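Undergrad: Here the protein sequences line up with chains S and W, keeping their order. Residues in the first sequence are numbered from 1 upward in steps of one, following the working numbering. Residues in the second sequence are numbered from 1001 upward in steps of one, following the working numbering.
Don't read these hints as lab results, they were simulated from the structure.
Here are the simulated DSS-like pairs of lysine-lysine, each with C-alpha atoms no more than 27 Å apart in a straight line:
hint	chain 1	residue 1	chain 2	residue 2
1	W	K1215	S	K3
2	S	K101	S	K166
3	S	K3	W	K1122
4	W	K1122	W	K1215
Note that the coordinates shown come from a computational prediction; the quantities given were computed from them, not determined experimentally.
These are the residues of each chain, in order.
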Amino acid sequence: MRKVALNAAGLLVALFAAFPVYWMISTSLKPSSEIFSSTPQPVPTHPTLTHYREILTGNLIPGVSFFDFFLNSALVAVSTVVLSGLVALLAATAVARFRFKLRTSFLIMLLVVQMIPLEALVIPLFLMIQRLGLYNTLPSLILTYLGFSLPFAVWMLRGFVAAVPKELEEAAAIDGASRAQTFRRILFPLVAPGLVATSIFSFITAWNELIFALTFINDQGRYTLPVAMTFFFGRDDTNWGPVMAASTLFTLPVIIFFLLVQRRMVSGLVAGAVKG
Amino acid sequence: MTTLTEVPETAAARETPARRRRRVDRLPYLLLLPALVIIGVLLLWPLGQVVAMSFYRLNSVRQLRGDREWPWVGLGNYTQILSDPFFLTVLRNTVLFAVANVLLTMVLGTLVGLLLNRLGRKMATFVASCVMLAWATPALTGTIVWKWIFDDTSGLVTWLFNALPDGLSNGLFGRSDWTGYGWFNSPLLFFAILTLVVVWHSFPFIAVSVLAGLKSVPSELHEAARVDGASAWRVFWRITFPLLRPVFGILIVLSTIWDFKVFTQQFVLAGGTQDRPTFMLSIYSYAEAFSPPPKYGLGAAIAVILTLILLVVTGFYVRMVLRQEDES
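One chain only, chain W, in its complex shape (with noise of 0.2 Å):
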C-alpha cells in the first residue's frame, strides 16, 4: 500500500497551516456523512429495529402506525417459535438446501472454471459468454422461464418425458402419462427444482471467480507436474487447491451467506407464500409477518433466528477478507 499523505505540501497549506489542518481533518468526515447517515438509517437502524419488534405482540399494521400500544411479551415469540414442531421443519429444510446448494455450486462452479482454463480461446470465450447469460438473468425471470420449462402440459421437461418409450418410463416411475403431473406437489421434488434454479443462477459466479483465480496462477507450476505425471485430480488437490485457498474460502461463505436467504426464486415457484412444507426461513418469516392475520412480531423473531445464523458466517467472511487485505 502507498503511503497516504493527508495534505499535499503546497504554498497555500504553509500560509496559513491553522485554517488549512482543520479544513482537512474536518473534509473526511463531512464526504462521509451522506453514507454514514444512510447506512445508519436505513441498515442498522432496521436491524436494530427488527430485533426490538422481536419483543412484541404485534398483530396490526394500526399498532406499526403508532396508534395503537405494543404489548411486551419478552421472548414469548422466541418460545412459540422455537417450541412448534414446524420450525424444525423450516430449519432442516432451510440447512439442508443451503448444504445441497453450496455443495453443487461450488463443484460444478470449479469444474467450469477449470474447464474455462484449459478450453482454447474461441472456445473458452464463447462458453464464458453463455455462462454470463445465466448470471445476469433476474432471479425472477430465470425463475418463470423454468417454472415453463416444467409446466405440466407444454413444458419441455413434461413433453421429454412423455418421450421416453412407455415401457421403460413406467418400468422406472411407474406411469408413461406425465401431461398433467404436478412437478411441484411434492416437497422433495420441489426442493430439487428449486436447487437446478439457484444452482444455475449461481454457479457462473464461482466459475469465473475461479478462473480469474487460476490466472492468477503461474501455469509453470502446473505444467511441470502434468509432465511429471501427476494426474489431473492429483493436480488439483495438491496444486490449485491450495493456491486458491483464500478464493474458495471466501466463495464458499457467500455462497453460503446467498443460499440460506434464497427468496424470490422460492417465492416465484411456489407461487406464493401458501405452500407451507416448503417453506426456509426467509419466507417462514414474511408469510408470518404479512400473511393474513398479519404476526409482525412472530415474523421478526424468525429474521432474527436467521440474521444470527448468517452473522456467524459473515464472521468468517470479514476475518478472510481482512487476511487478504493484509497480505496484498
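For reference, chain S alone in the conformation it holds in the complex (with noise of 0.2 Å):
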C-alpha cells in the first residue's frame, strides 16, 4: 500500500516535471487542425513533420533562415567554449598545482563573482561594447560570456585537475620532460573529459543566453537563435506549430549535452569543497 502510494507520487512528479518538453514535441508533430482544435489530443493522431519543413526551409524572420541564427548561435557558443576552455584549464592548473600567496583570494574572488547578478551588468557591458566599437557584432557576445562562463569552469576544472595524480607529473619531470610537454602528454590528456564536461556548460550558458544578446545586436542578420525566437514568437498571432518545432530544435542539443554532465553540475555548485 505505502509502495503504491510512493510510486504514485513518483509518477505524479515525473509528470509535472516531463510533461512540457513531451507537450512541446508533440504540438511539433502536430498539424495545424490537431494543434488548434477544440479538444487537444494528448498524441498526435496524424504526425507530421510540416512545421519542421517550415522552419527549415522558410524564413523565421522576413530575409533571415533558421540556419543563418543556428551558424550564428553555434559560432558564438563555440567561441566561448574554445576560449574559456583555454584559460580555465591555465588558471585550475595554477590552483590546483601551486601553493601560492593569493591563492585563497583567487577562490574566493571566484565564488563572490559567480555571484554577481549578471542582469546588473548590462548597462555597463552595453557601454563598454560602445566604446569598443564592437556593438552589433558577434565577438562583442562572445567577449560577454567568456566573462560569464570562465568563474564556473575553473571552479569545476580545479577539480579534474587535482584528480590527476601528481606522481604522474613528477615521475615524467625526472625522466626529464620539460613542464611544457610535462603539461601537453600528461595532465591534459588526463584531463580531457573534465575539461568536455566544463565546456559543455559555457556551451548553454552561451547557447541559452537572451538579454545581452537582445541589447548587445541590432542587425536582424546577426541575431542569435533565442533573440530570433522571441520576436518570431512574439508575432500577434502565434503560430504555435513552427515556434514549437523550432523550441524542439534550439533545446534538443541543450537537453542532450545537459544529460551527460549533470551530476558534475551538483558537485560544482553544492560541494564546492572539491578537494584542491
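Both chains come to you apart, so use the hints to assemble them.
TA: Next up, the structure:
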C-alpha cells in the first residue's frame, strides 16, 4: 500500500516535470488543424513534419533563415567554449597544482564573482561594447559570455586537475620532461574528460543567453537563435506549430549535452568543496 | 587536504636551484594571468562602472560613446527612484516573488529528493530522468511552452477550465466560457504562472542535491529511528535535516540569489518590458535603461540596488562554502 502511494507520487512528479517537454515535441508534430482544435489530442493522431519543413526551408524572420540564426548561435557558443576552456585550464592548473600567496584570495574571488547578478552588468557592458566599437557584432557576445562562463569553468576544472595523481607528472619530470611537455603529454590527456564536461556548461551558458544578445545586436541577420525566437514568437497571432518545432530544435541539443554532464553540476555548485 | 609541494625534487632542480625557484614562483601567476584579466575586465570593471554610471544623467547612446558630456547628478538618480511610489511596488514584487519561489522550490525539491531516495531502483531512475528534463530545458523554450499551455484559445489550461461542468465553473469563478480569457492580464495571476514556471525550472536542482546529500547519510540512522517507531515527519526534522543543514543552507542561499534576479522567464511571459505592474528589480532596471527614451543612469542605480541586496545574500553563501571547505 505504502509502496503504491510512493510510486503514484513518483509518477505525478515525473508527469509534472516532463510534461512541458513532451507537449512541446508533441505539438511540433501535429498538423495545425489538430493544434487549434477545441479538444486537444494527447498524442499526435496524424504526425507530420510540416512545421519542421517550414522552419528549416522558410524564413524565421523575413529575409533570415533558421540556419543563419543557428550559425550565429553556434559560432558564438563554440568560440566561447574554446576560449573559456583554454583560459580555465591554465588557471585551474595554477590553483590545483601550486601553493602560492594569493591562492585562497583567488578562490574566494571566484565564488564571489559567480554571484554577481549578470542582469546588473547589461548597462556597463553595453557601455564597454559601444566604446570598443563592437556594438552589433558577434564578438561582443563572445567576449561577454567568456566573462560569464569563466569563473564556473575554473571552479569546476580545478577538481579535475586535482584528481590527476601528481606522481605522474613528477615521474615525467624525473625522466627529464620539461614543464610544457608534462602539461601537454600527461596532464592534458588526463584532464580532457573534465574539460569536455566544463565546455558543455560554457556551451549551454552561451547557447541559452537572451538578454545580452537582445541588447548588443541590432541587425536581424546577426541575431542569435534565442533572440530570433522571441521575435518569431512574439508576433500577434502565434502560430504554435512552427514555434514548437523551432523550440524543439533549439532545446534538444541542450538536453542531450546537459544529461551528459549533470552529475558534475551538482558537485560543482553544492559540494563546492572539491579538494584542491 | 594533501600537502602540496611546489617543486618536485628532481635532479634539474638541484642543479640550478636559483633559476628553478624563480621560474616556479612566477609560474602560477602566469597561468592565472589570462583568467584574472578576463574576470577583471569583463566582470569586476563593469561592476565598478555600473556604480559610477548611477551618479550621472545618461540619456543618450552618444554619451556612452563619449561624444557628449556626462552631467554629474550625485545621488540624484537614487533619490528619484526611492521617492517614486512605483519603486515600492517593484521592491514588494521582487521580495514577495523571491520568498514565495524559494519556499516553494525548497519544499517541492526536498520532497522530491526524499521521494527519490525511497523509490525502487527502476522507478527512481525513471522519475529522476524526467526531473532532469525540466532542469535541462532552457529558460527561454521552457517558458514558451508554458505560455502555449496557457494560450487563451487552444491552450491546455483553457481547455481544462472549459471542460469543467458549467455549473461548477460558474459557482467557483463566475464564468463558464474560458476561451479568450487573458491568463496573464491580472498581476496576481501573472505572478502565479511565473512562479509555476520558475519552480518547475528550479526544483530539480534542489531535488538532486538533497538526494546526493541523503545518499551520504548512513541509512542505519534512519532505519534505527523508524524501527523505534518515529514518524516520517520526526525522522526528517530530528535526523535528516540536522545532518543536511549545511546543504540546505547553501541551497537556500543559491535559490534566493537566482530568484531575486529572474529575467528571461518574466521577459518572455510578459512579452517584453511593457507590463509595468509586474516589474521586478532586474526587469525594471533593464526597461529604464533600454526602453526609449533610454535612461542609463537611472537603470544603473536600480541595478546597484539589486546588487547590494544580493551582496548581502552572497556574504552568507561564501561563509557557508568556506566553512564546508574547512570541514572536508
